[in-house]
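Chains as they are written, first to last, in our numbering: chain P, 492 to 894; chain E, -2 to 433.
Watch out, some of these pointers could steer you wrong.
Claimed, not checked - With beta-carbon atoms standing in for the labels, derived distance ranges:
id	chain 1	residue 1	chain 2	residue 2	range
1	E	E71	P	E643	46 to 52 angstroms
2	P	N667	E	D88	55 to 61 angstroms
3	E	L394	P	R644	41 to 47 angstroms
4	P	T600	E	L394	23 to 29 angstroms
5	E	E158	P	W858	54 to 60 angstroms
6	P	M536	E	D284	34 to 40 angstroms
7	P	A537	E	D67	44 to 50 angstroms
8	E	F113	P	R644	18 to 24 angstroms
9	P	G591	E	L375	27 to 33 angstroms
10	E	R172	P	A570	28 to 34 angstroms
11	E	Q298	P	R880	38 to 44 angstroms
12	E	N267	P	M536	45 to 51 angstroms
13	E	E158	P	T600	34 to 40 angstroms
14	E	D129	P	G591	27 to 33 angstroms
Said to hold, decoys possible - One-sided excerpt, in silico: chain P residues whose CB lies under 8 angstroms from chain E:
id	residue
15	T518
16	A520
17	D605
18	V609
19	W641
20	Q645
21	G716
Stated by the list, open to error - Below, a sample of chain E positions facing chain P; criterion: calculated Cβ distance under 7 angstroms:
id	residue
22	P112
23	N174
24	V317
25	A328
26	L383
These are calculated hints, taken from the structure and not from any lab test. All C-beta atoms, glycine included, are put in the ideal place defined by N, C-alpha and C.
Chain by chain, the residues:
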Amino acid sequence: MQIGPIWRALMRNKTGAILIALQVAVTMAIMVNAISIIQSRAESMARPSGVDEPNIFHIVSVGYTEDFDERSVIEQDLAAIRAMPGVIDAIQTNSVPLSGGGWSMGLQTEPGADQDGVGVAVYFVDEHGLDTYGLKLVAGENFTPGDVEWRERQATDWPSTTLLTQAMAEQLFPDNWRDALGATVYINDDEPLVVKGIIERMQAAWNGWDGVERVMLVPQHTLFGSTRYVIRTEPGQRDSLMPEVEKLLADSNRDRIVRGMQTMTETRERSYRGDSSMIKLLTFTIVLLLVITSLGIVGLASFSVSRRTKQIGTRRALGASKSSIARYFMTENVLISGVGVALGAVLTVGLNMLLVDAFGLDRLEIWLVPAAMLVLLLVGQLAVFGPARRAAGVPPAVATRTI
Amino acid sequence: MFNYYLKLGWLSIRANPLLSTLMVLAIAIGIGASMTIITVNYAMSGNPIPHKSDQLFYVQLDSWDPNDTDEDSEPPDQVTYTDAMNLIEADRAYRQVASNRSGLVLEPENPDERPFTVDTRNTFADFFPMFDTPFLYGGGWDSSADDGLEHVTVLSRELNERVFGGEDSVGRSVRLNGMDFRVVGVLDEWLPMPKFYDVTNGAFDPSEELYIPFNVAIEYELPRNGNTNCWKRPEGEGFEAFLASECVWIQFWAELRDETEKREYMDFLNAYTEQQKALGRFGRPRDNRLSDVMEWMEAEQVVEDDARVMMGLSLLFLVVCLLNTIGLLLAKFMRKSGDISVRRALGASKRDVFTQHMIESGLIGLGGGLVGLGLTWLGLRGIHALFGEYVEHLVHLDGMMVLAAIALAVVSALAAGLYPTWQACRIMPASQLKTQ
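Extracted from the complex, chain P is given alone in its bound form (with noise of 0.2 angstroms):
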């Protein structure tokens, strides 16, 4: 095919040419973006928790009267669901992760006031933690129920033993993880804790921070008023234990409120609720932009079809055959595409220059720019696909009339 006189023909009526460029060149930049947005948001949604999620949740339980003796009723709930046919497990905790509240603290390595902590997410739990979660222990062991104590609301002391996850002990203990071990960590600037086993996996309250997969467990039941109880269930149980778990709590104490009855998938539905709404909102985006410009092409492609219909009836006339006549308007929308891309491939990168130094979004995979360039390309011979064929049906006859 003979690109000159297509490229000459072009640039001596460029404005429409031009506007289709543009157009397929900022579609790129706002799609790539998009793109690396949505790559970086499914990423982190992709993370696992940590826990056995399909088969727990949890339920809060608020005691208000004046003589509510949080202790016992805390003792005898755990027994009681702990005894429920379908229960693997059960404890009474603070907070569960994903959920979006929770509590954190500082360790450090070496006692005082002027060492740098580590941030960590602290859970309350029993000796039932590992289990009810789900957890694996990579090294040392889980809490005895000798270690367990009871926590007041106000209460600033910490007991001697702690669980942590692997990735709290590789930012305490760089050189390797498995120094933690057995070694004193200090909490409140100089109170020692002793870690007794390190976990693989489990991910904080915040799904947004970026030590999400640093927390700590303590072997402490919590008299704070207000306490959680996390249930897990044999496979397929949790739906038909959630109502009765309910029941049981509200029913075997009227001093108190039963709320918040959430399964951990809905847990993470919840905190990832903003991320997985970007995907769509930016995937709905992007198709609907590929659609307009689309429709810009073929408009544009139209027009010109009609504009020339005698200059092609003439070059049919004098034996251009259909396919070299479809095959012009198709590569007239190469070039034009081509620049647009080329354009786009500049914009994007500048576009997500901008987005990395004003929001610290994550920097584009370089790869998405050529992948776009031709997914652009390809759209556009598609667009154009239809006009061009028009445009190969016009007769030779056309040639012979004016206008």
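Assemble the complex: chain P is given as a structure, and chain E must be docked to it using the hints.
Positioned in the frame of chain P, the structure of chain E alone reads:
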């Protein structure tokens, strides 16, 4: 003449329905997409209390950890109990309010109904006049109730509906956490967006359902559920130790009516922290701050990054739609070359041709704006469905946004029409006539 051009524009739009529809749609989609996002941004960055936002100041005192020497370490976004009480007692501002968020358990009078938790704000008498809260019945409590630890409460309209069926409940009592509180007022609908007086605990949360005196909450050690940050453990066990600690958990607002009052209050704050330094507190370089409402919204970055990114992308989206419209208008006007040269030959000036085609573009823009408004409404419903209750109060189209949508559409269409119109004006009277 204008009416004549309007008629011509309408005829020209009717003459080519497909092309016209495409143009109107292109503008409508661009307007729909960008206005949806602009509306959300507008709500997020709105001024929740416009008539006095420059007289309300959020107080920050830098009581944080002297060992935390990060460059960008800011003063804490809330204050300690000690400081809040000292500032209240000093009483140096026109009005002042310390408040925090909590949740109480309300037991209905009817023993068959289950108790339920209510979102509560512990606050001071000045809260109501300071933030100009509208009252349906009664009013706020007097400051004597703060000092006298009176069990009084103000209910939100919804809670009053729920508990008292919406009737005037002033003087009646509600049972909260086992104690009786006397209702002194019922608020009318009050939903400042953003919830400027406590952005720490959720800038777009609805207002609390119930208000009680802060001092009462302290006296009876009622539960708190707002954000609490500590850099140092309380010295000793128990509630007293917590109150005396360096933990920050209270929002403090001062109403200062002019520059002089503001300056004097700042001087007072600085003198106060100097005096506290003598007691061994405030170990960091002095960095006390007074931010008015909009400055505070800015400092706390109330407008979400996601919303701003989407705003940029949606404006680029509008650009694509406009490029599209320019192309289509160009095609349309060029197709009319014949008509235009006839008009020119019959004596129409370039100026006439220009006006005529700009009016036609404006008409298309108006159409795009109206359809776009519908799409914006749909888009906002979609955003609500996607993001849920979090955006519930951010997805409403008010008159301002409706006008903005139409204006944006018409201005965009006129801008898009400029180049094609200019091209149309250049058409020579003779050249086109010849080929005819």
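Which constraints among the numbered hints does this structure fail? Numbers only, ascending.
Going through the list in order, the structure violates hints 1, 4, 7, 11, 13, 18 and 19 and respects the others.
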